[in-house]
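*Asks:* Take the two lone chains and join them into the complex the hints point to.
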Amino acid sequence: MPKKHKVSQRKIKTFITGIVLIFLILLVRLSSLQIFEAEHFRTLARENTLRLIPISAPRGEIFDRENRKIVGNRPVYMVQLINVGQTEDQLAPVISLLSRILDKPVAEIKDKIREGKFRPYEPVVIAKDVPLDVITRIEEHRAELPGVTIDIEPRRKYPYGKLLAHTLGYIQEINPEQLEQHRDEGYRLGDTYGQAGLENVYEKELRGEKGARQVEVDAYANPVRTLGVKEPVPGNNLHLTIDLDVQKAVEEALEKTIKTLQEGEHKQARAGAVVVEDVRSGAILAIASYPAYNPGMFTGRLTTGEVQKVLLSPDRPFINRAIQSTYPPGSTFKMVTAAAALEQDLDPTYRINCKGYYWWDRLYTDWTYPRGHGSLDVIEAIQKSCDVYFWIVGRMIGYESIARMATEFGLGQKTGIDLPGEAKGVVPNVEYKRMMIQKRLDQLTQQLNNIKEKYERLMKEATSPEEKESLEKKRQRELNSVQEEYERLEWELQWHDYDTLNMSIGQGYNLYTPLQIANYVSAVANGGMLYRPYLVEKITSPEGEVLKEFKPEPIRRVDISRDTIQFLQEGMRQVTRPGGTAYWVFHDFPVETAGKTGTAEIYGKDNHGWYVAYAPAEDPEVAVACIVEHGGHGSSAAAPVVKAALSAYFDLPVESETVAPTTE
Amino acid sequence: MQARRILKNLDYSLILAVALILLLGLVAISSATHVTGNDAQDAYRYVKMQLLWVFLGTAAAVTLLFWRYEELVRYYKILYVVNLVLLAAVLITGREALGAQRWIQIGPFSFQPSEFAKIIIIVTLAAFLAEREEQLSRFRDLLPVFAFIGVPMVLIMLQPDLGTSLVFVGITIGMLFMAGAKPLLLGGLVAGGLFTAIGWIWAHLNYGVWLPLKEYQLQRLIIFLDPWSDWQGAGYNMIQSQIAIGSGGLWGRGIYNGTQNQLNFLPEQHTDFIFSVLAEEMGFVGVIILLTLYFMLLYRGVQIAAQARDTFGTLIAIGIVSMLIFHIFVNIGMNIGIMPVTGLPLPYFSYGGSAMLADLIALGLLLNIWVRRQKIVF
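These protein sequence lines are chains A and B, in that order.
Residue numbers for the first sequence, in our numbering: 3 to 666.
Residue numbers for the second sequence, in our numbering: 127 to 504.
There are no misleading hints in this set.
27 Å max Cα-Cα, derived DSS-like pairs, lysine-lysine: (1) LYS203/B to LYS8/A; (2) LYS8/A to LYS308/B; (3) LYS159/A to LYS540/A; (4) LYS8/A to LYS134/B; (5) LYS261/A to LYS164/A.
Please keep in mind that the hints were generated in silico from the structure rather than gathered at the bench.
Note that the structure is predicted; figures quoted are calculated from it, not measured.
Chain B extracted, bound-state conformation (with noise of 0.2 Å):
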């Protein structure tokens, strides 16, 4: 496909979105970072990391646009391998930090699988189910399905990342629903393994009854719940970014300007609580332009699904699509207090190398089925 004709059928309604979200990202963690930064360091070196991430991710977004995406249905078992094999070196190999094993170090960087291997999950389970398309009604028909996608998570859950784990369940959920599953049998799944969930932790909280988690895992799971119970200690990051974005208010208090950011009162300011740096120091305004945004993105990657050429486009379309609402979700979430935190990075916005770079190569497929929507061969 000719760069011309790639560049007439872009999404640019799509481009714009991300760009801005981009654009507001880069401002947030400036503003989280400027003076968390050694002084001995750049004030600017985050911003800049970040602009290189950017950078590195629309290349390999562009690069993509050459290929044929339906190509990749060709080699999904190999990808699907060298999945595995990268999240298995992640235990093996990997760097610890913060209690979990999520990176790899490659040269002077170091890079976390799994934000890569969400969309390698995602190409892959696309192609499965498309191979599977309205066979999926009975729940029979599910079980190879999960032990697909079942490998992958338990993988990445032994890193531990509860979080990125919880991801593939929204994907394959999403994936499932367009691939013809049947919605009842869906939510009855959905709803069953949430009452699972917390009924065991109930029973672990009152009579003991072992949990493969952590201890402190678990608080941090359950602390949104009331985060004044233990304020100093697992509650802190919660009421700081909460106090934060209420103190936002409407207007903000202006960029560089929140005492929460500013006085480093927020935890993880550039990475878990990034949207509460927005929220504090641009209010609510701030907030709604950027909902605004992430929905401009959301809407027009169902309507890339929507018009994808095949069943194997619209299901990696709705996985990006609802691996994005996901990650939202619990990211806002986890920062206004109704969701736990897991350590989900906000997309496009939080600093982060991996996320950034898997953010972008997702666009990039978005853009590569809608440039190839038109069910004529070029």
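Pulled out of the complex, with its shape left as it was, chain A reads as follows (with noise of 0.2 Å):
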């Protein structure tokens, strides 16, 4: 017989009151998951099985005047691996039979697995830019490759090659603070953007909007269905004004007498742009900056030493030297001077005797023709480019009213071209004139600094007393000659007679571009209308539908009269003309063209040639500049290429080489 079992009330009682608290704490959560925050939790459940998978959109193409595809698309096949729960063991096979289909190393494949850091669901590029017939051979072994997918890319095409690189530009996946900038836009990171040129600028164009298709995935990301596909726009299609014939010619005859000249006696001659513009709206047929490189190299993932090899090139071949790089003009800026003094009511008839030499303040000699031109008057001058005759003129109309010309003709403003990054360049002025000096004798100042530090540091070294003696001498005489180029450029703090004169034959302090001298040209040959240069004729949907046309759009008449216009106009005629200085170069051009040499002094390096021109002389319809960097000559090393794009422009067959005379 067990003993007397009583179990107590309060026991059970707390037993109970324990069980149903716990309870309440389970109902307390579950009613809040399910009866209050039920709906966010729909949205959690949703959003856990839906998937966007973008689809891109294909880049708006870009055409030049006549419908010819510039920049083109092309599908490109890309291999992927989504990690979706393999094992290293299970991985192994599939890496060897891709390592083999791809003809890549394993290894290759798995430093890129271990790169894409092989997140869950998140596909991990394996190749890109694969040909179809390997694409093919990855369907056939479908069932042996789990995780590998394909996808297609519409990736840039470039049927030219380098041809206009610099102002189309290129595209490359969005940066951070693209990024940050662009948010708003919907753009996300992997994404590509316009980096430079008309890439960059038309952006918005040519991007189009990305497609989706909806998906329902289960928890390894495999697609269960399909809910809905939202097809991608293609970007809308840029038509340039840009005529590839003109602009093939230029190209190929700038880097044709840049070799030439590299080969002869200017080895220094690496770089040169030329801007071909139609004088009637500011329509630019062709553009070019030597050296090029090819934008097609940023479409796909670069390997750095790539990179670094055209990043780190000396000729820098990223500059579009046409709006970016200014130059001083050098005589092709006598036009600007002329004008300015024959609105001052310069006599046009009034003669100057040159002697190859002019006395002022001190003698100034005409290199280039120090026999000198003898009589001329302002035609002639431009005819001969006599430097005699423009100093003379500059020194009796100031610096001050060819500054104001120099603007008036757009030189010194950017030109307001659809590019990003024009330089403005300088017209020459007392405040600049000044900044520059400063900065060469701050750099002065820290120079006799470091000269002071130098010796003090090995005067302490020093020890016997012969030796010191010999310190102080060497100090002395490094600091005087620093000293001594101190004092002579702080004199050269002030704006001297001799600023003015480099001033009016274009050389000293004028900075302008390559596309502001074209600009300048066609303002003369037009007549003294300064157009908004640009590259974009109209713009049009995928479809060919015009969605935006654009016309030519004047930035003002240059202020000065029709005689003044005409004396320049004729000034240039003669330069090709019997007796001028491009006579030797034009004048077996079936087409009766207008020009100027120039040739920027360049101190201790060769000079830069410059050829500005337009044509027809008499009804003019396209202007040209041309510069060589370090080409020596105006004629020998600019004319040419501006020939071959007047031939280009006027359908003319291309002619034998034309040999250079040694004067300008």
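*Replies:* The structure is reproduced here in structure tokens:
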């Protein structure tokens, strides 16, 4: 008989209370999840299962004025691997099979997987730009390649390679700054973005609208079914003012000329730029910068080596010299000085006797023609590019009126062309000169300090008095030479007469872009109308509908008289006639052209060669400006390129080279 | 005892509650597994297996009814040793899965001794405590009890199976309370233990103090505090289960229709997180039904403890009730994100042979105690 057993009711009640309490805790939490937050969790559950797979939009294409495609797209196949929870052992055969099909070492594929941080359900790109036959082989082995997917992506295609590279620009993955700036426009990491040139300026038009496929997926990201598809909208097309024939001719001529110069006496000739502009509208027919790069190199993932090679090239191929580099215009500036003088009532028949030098505060010699041109008026002065004439005239009218006329012609200002990064340039002025000299003075001060410090240290280390003495002598010598330079330059802080003289022949502190020069020549050619240069004629939708059309846009009518313009035109026309500085280049050209040579003096290096022209001389249609850095002379370095441009424009057969005489 | 008398005296509301829980569980398992299973396999494989366990468990429970549970007192020391041997065997020969050694292979089946260890511990501790009833008021009276329970607990912790060893704590507390230990002393011990554990973990996280846990175990233990801090890693399971439960709403998304379950966002959806399947597909209503059934079960269990013919019976019943409530609280708590992930199954509901057998044997014990409640010898 077991002992009498009685269980305390209090304990039982406590126990029941405990159970009730625990159930209450669970119920509170459950009702919070299932009643009060149900909507929120319903959304999360839906988000879990929905995936938007973006479909990239083909970027808008770019055509020349005759509808020839300059930039297009082509489909590119990408092979990706998705982590669906494979183990190393399961991955190994997949990788080795892929390695065989793609002809890539196993290690490389493994590296890509590691770099891609093989996170669950995120695809890692194993190979880009895979040829179709390789894709077919992958499809044949589909069953043995779990997790491997093929994706199609449109990619930029440049049928003409480097042609027009600087103007077209290039696209690349959007960088973090741009992403931050354009977040509201729907950009995502990994999207492409126009990084330079037209690709950048017209990014909004070109990019199109991404499409998407909405799919329901399971936890392993396997699509269960497609819920809907939004087709991508391709970007709009750009139709340029560029004439491919002229562009090609210009780039070929520029490259050929520079290479010829290098092989000859001008080893430093390595770069140049050309602008061909329609004088009646400001439309750019050709614009080139040498050396160029291949914009196609950016569409793939570049190896750092390739990028470094291009970026660190001393010729800086990324610079669009036509709009981003500024040069002294040399004698191509003389029409500005002439215009300023004529507007100041210089008698166009007034003649100056050039003896090859000019004595003012000191002696100035025209080194290009030291024996003197003899007596000339303004037209002959332009024709023969007489420095003495312009020195005298320039000094008479003063630098302010020359500067005013340069500004009137749009020099030293951005032209407003539809390209990014245009340089402004400089019309010489007192302030600018002071600034430049001050900069140099600051450098010299630094140099003086460095010398002092250096000798202080050396003196401390010196042991014998003889050594100290010799050091002290050396110190003085070094200090004196810098000091001298400093004192000379200090005087240069002021504007001096010879600055005006330099300025009036386009040397000194004049700094303009080739585009500004071309635009100024256009204004001379068309009778004084300064247009905003432009590159895009119209924008069309992918269906071909014209969305936007660009009309010529006058900036201003240059404030000079008809007569003045006519004297400038006559002067330029005489340049290609007997006795003119470019006669030997253009004497056999079937269309009469007007031009002007120029040589920008560069201290310690070969001079830059300039040539500007417009044609036909009688009823101008087209203006050209060309510079060859360190090309020596304008007529020999730049004029042949201009001639090639004009030949292409007038559909003339390309003729044999003209041999250059020695003087300008 | 004759079958007729047993049948007459059975606690049918208890049986009904368990039967309904089993039924709900089978529905949930079928929903959780009919897509998960490989195409080659039978879609109802898990349901059939679970049914087999239910059948075996019921058979074991019925067999137990013909025994007098009182007789177990005589064998409790042997049982205790057998238990230790089994647990030690797991450590030596056990099969490893999910980073822990919990299974022993017998023929085509593998079983988890720790599930049965819980029952054995309840029975042996009940016998141990019955000898000491009302002599447990001082702390030092409790020390032998701790030693008694400590040895198997350490063996389980070594597997490592933190969840099950914590069940031991729950069982011991419940049984000690019933056996007459001072509630204040027990409360103090529980609070002290909790405080120490939290303090230790805190010290480990902040000062790198040594902790007898592997990093992943600790991570699993504390991730429930902020699962979003590692939403793709340690927190993923918790987040997905809460999404499943929350998205179920009041009426649920329909059986076989929960996307969290059907598209496999829910982890371990037929075992640890089976509750989330029910909550997603049958909603708050389904959850209330299940909790009501559990409450019925536990309430009856307490009543059986109250009316047991002897202290041994009372303590066994209370031990079983403590075990069940601990499992229910920790498992559902883990599903709803208020408890760490410990891998304790939901009694009579989660898929799993050993647990089902053990839980049905426990049910058999409860019924055994109930049918013999009258204090007359037959």
